[in-house]
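Here are the chains, one letter per residue:
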Amino acid sequence: MADFHVQIFTPEKMLFEGEVSSLVAPGAEGYLGVLAHHAPLVTTLGDGTLTLRQAKEVTEYHISGGFLEVHDNQATVLADRLT
Amino acid sequence: MPQSTKELRRRIRSITATKQITRAMEMVSAAKLRRAQEVLLAGRPYAGRLQELLSFLASSASVDSHPLFEAREGDREVMVVFTSDRGLCGGFNSNMMKLVERHLANHPEKDWSLYCIGKRGAEYFGKRGWQIIKRHVDLGGKPDSDLATLISHELLELFESGQADAVHLAYPSFVTLAINKPIIVKFLNLDPAELSPAEDGEGGSDRELDYILEPSAKQVFDSLLPRYLSSKIYITMAELFTSEHSARMLAMNNATKNCDELADALTLQMNKARQTQITNELIEIVSGAQAV
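Those protein sequence lines, which keep their order, are chains A and B. The numbering of the first sequence is this note's numbering, which starts it at 49 and goes up by one. The numbering of the second sequence is this note's numbering, which starts it at 337 and goes up by one.
Each hint should be verified, as a subset may be incorrect.
To be verified - Listed next, the in silico SDA-like pairs over lysine to any residue satisfying Cα-Cα at most 20 Å (straight line):
hint : chain 1 : residue 1 : chain 2 : residue 2
1    : A       : Lys61     : B       : Lys517
2    : B       : Lys517    : B       : Leu586
3    : A       : Lys61     : B       : Leu560
4    : B       : Lys554    : A       : Glu60
5    : B       : Lys608    : B       : Asn442
6    : B       : Lys554    : A       : Gln102
7    : B       : Lys478    : A       : Ala76
8    : B       : Lys568    : B       : Arg438
9    : A       : Lys61     : B       : Lys470
10   : A       : Lys61     : B       : Arg371
11   : B       : Lys554    : A       : Gly113
12   : B       : Lys568    : A       : Glu60
13   : A       : Lys61     : B       : Asp501
14   : B       : Lys368    : A       : Asp128
15   : B       : Lys478    : B       : Arg422
16   : B       : Lys568    : A       : Ala76
17   : B       : Lys522    : B       : Ser509
18   : B       : Lys368    : B       : Val473
19   : B       : Lys593    : B       : Gly426
20   : A       : Lys61     : B       : Lys568
21   : A       : Lys61     : B       : Arg349
22   : B       : Lys470    : B       : Asp501
23   : A       : Lys61     : B       : Arg422
Stated by the list, open to error - These stretches of chain A come out as covered by chain B in the derived footprint (C-beta under 8 Å, 3 or more residues):
hint : segment
24   : 60-74
25   : 89-96
26   : 117-125
Honestly, the hints are just simulated from the structure, not real lab data. Note that the Cβ used here is the ideal one computed from N, Cα and C, for glycine as well.
For reference, chain A alone in the conformation it holds in the complex:
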């Protein structure tokens, strides 16, 4: 499966940067999944679980508020708080 680039920022620092095959985030209108070649998108994020799927690994973060921006196989998560 094709991978795309993800960067996750909090106000304090960059928490993650790397290639993932999928990203699932708590969007404003419910959870949404992002795969490679997703259409350009900007959405607000609510509270919930942010899931990153890499080749074998699955990483989960708890996110409370923020933004998700996707364009050209680049996803940027700007989280208010992430654990």
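Chain A is already provided as a structure; the job is to place chain B on it using the hints.
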């Protein structure tokens, strides 16, 4: 040199003790500076991305109508003054206060009130009878995103409720390790023109993408703005701390050097005094012996 060797020796001892303190403070500041700088650098990407996103949305959505972009005619202005909690950092705080006082004096037609962050500024302006709306002291030497959010909300509320027609930030911008420069920038109202240059600098060629905005352009924009503001305050605080530590490190470095010079000069003086004393004693002995 009428001073006795005993007194000189005491002064040398006290200066050496002072030197030890200033040198220790210099080293502590150097360590803190490094940490503060890391925080500042780590925080910049988030702020940069946020601004990028905002500038993109600002050009697409109709922002001119947004209340935060409205340039008001009123003359009630708020100056947010960033100073450190502690002194012993050279002209760091006094430069800041001088700049602010000059700015206030140059615009006497405005009805100024101050919002002080940092103890030094709060005390200084409080004593001089300026109107201080709020003070945040004991910042703990580390930028705190909760505090930054709180501050930006308070400022936002002042602006939205009409208690302030414009908000400015006065803070020491961190230029290089040795240089920090107090500057004043406008915080509110937001100027759409000010948001866009960052986009040009980033080579915003493919930013003309057709974004899907969820839930809606307006809602994304509305939740982006307060975050943009608090991230700005957060970065400003990080700059404040970084500048503070670099200023203190320099001041303490100078103080240590001065101590060295002073101790050298005093040692020379003491040796001379001791020599004179010995010579005098010898003369007394010799002339005593001759008299016998």
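Numbered hints the structure breaks, given as an ascending list: Per hint list: 1, 4, 5, 6, 7, 8, 9, 13, 14, 16, 21, 23 violated.
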